[in-house]
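Chemist: Sequence:
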Amino acid sequence: MYTTSDFKRGLVIQLDGAPCILVDVTFQSPTARGSNTMVKTKYRNLITAQVLEKTFRSGDKVDEADFERHKGQFLYTDGDKGVFMDLETYEQFELESDGFEPIAPFLLEGTEVQLGLFQGRMVNVDLPMTVELTVTDTAPVLKNATATAQTKEAILETGHKLQVPPYLNSGEKIKVDTRDGKFISRA
Numbered sequence: 001m002y003t004t005s006d007f008k009r010g011l012v013i014q015l016d017g018a019p020c021i022l023v024d025v026t027f028q029s030p031t032a033r034g035s036n037t038m039v040k041t042k043y044r045n046l047i048t049a050q051v052l053e054k055t056f057r058s059g060d061k062v063d064e065a066d067f068e069r070h071k072g073q074f075l076y077t078d079g080d081k082g083v084f085m086d087l088e089t090y091e092q093f094e095l096e097s098d099g100f101e102p103i104a105p106f107l108l109e110g111t112e113v114q115l116g117l118f119q120g121r122m123v124n125v126d127l128p129m130t131v132e133l134t135v136t137d138t139a140p141v142l143k144n145a146t147a148t149a150q151t152k153e154a155i156l157e158t159g160h161k162l163q164v165p166p167y168l169n170s171g172e173k174i175k176v177d178t179r180d181g182k183f184i185s186r187a
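The letter at position 65 of the sequence shown is residue 65 when you use UniProt numbering, and the numbering goes up by one with no holes.
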């Protein structure tokens, strides 16, 4: 059991029989005497991917989810699903299209990830913060390109499109932020 004093971002709790990860936690102290501190949370249901809000009173207790994180690896794409392997047990899991589609542009075969397992079933995949991908197609290098905010579109080996600086060529490896899908630097 967790109490509201244990709440922090990234904690996985069980609400309504489903594992939920806390996305945001704020504590509000009322000014009236005798009032309890309120704990406002924003959480994501790991099964339905819904983002919801809930307010707790200070001292409320919630159940701990039967949730484990394991080292995993992306194996391959099977139609619109992704297949992952648990590197501890070598068990394979499939991630359906609604959960796989947002992370697919950052995955190459062999990419190491964190698998979230709830009661032996994979419900979540955490990507590394950055990935290195190769630019497969972009406009030619612009001569005399300055350090101003000019960008051009590039297509990566996974099919992901993003804006990159004008000095990049096709075939170069770059680092991409997996949280927002933006260019960070050359690799």
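Check each hint, because a few of them may be wrong.
For each label pair, taking beta carbons as the anchor points, the in silico distance ranges come out as [stated by the list, open to error]:
{"#": "1", "residue 1": "Lys71", "residue 2": "Met38", "range": "34 to 44 angstroms"}
{"#": "2", "residue 1": "Thr136", "residue 2": "Met1", "range": "30 to 40 angstroms"}
{"#": "3", "residue 1": "Tyr167", "residue 2": "Lys81", "range": "43 to 53 angstroms"}
{"#": "4", "residue 1": "Asp6", "residue 2": "Pro140", "range": "24 to 34 angstroms"}
{"#": "5", "residue 1": "Thr130", "residue 2": "Val51", "range": "55 to 65 angstroms"}
{"#": "6", "residue 1": "Asp66", "residue 2": "Thr151", "range": "38 to 48 angstroms"}
{"#": "7", "residue 1": "Asp60", "residue 2": "Glu112", "range": "17 to 27 angstroms"}
{"#": "8", "residue 1": "Leu15", "residue 2": "Thr136", "range": "38 to 48 angstroms"}
{"#": "9", "residue 1": "Gly10", "residue 2": "Asp60", "range": "16 to 26 angstroms"}
Below, simulated EDC-like cross-link-like pairs (lysine to aspartate or glutamate); rule was C-alpha separation at most 20 angstroms, straight line [unchecked claim]:
{"#": "10", "residue 1": "Lys54", "residue 2": "Glu68"}
{"#": "11", "residue 1": "Lys8", "residue 2": "Asp126"}
{"#": "12", "residue 1": "Lys161", "residue 2": "Asp137"}
{"#": "13", "residue 1": "Lys175", "residue 2": "Glu68"}
{"#": "14", "residue 1": "Lys54", "residue 2": "Asp78"}
{"#": "15", "residue 1": "Lys81", "residue 2": "Glu157"}
Just so you know, these hints were derived from the structure itself, not from any lab. Using N, Cα and C, we set each Cβ at its ideal position, and we do this for glycine too.
Chemist: Hints numbered earlier in the text: which of these fail when held up against the supplied structure?
Modeler: 2, 3, 4, 5, 7, 10, 13, 14
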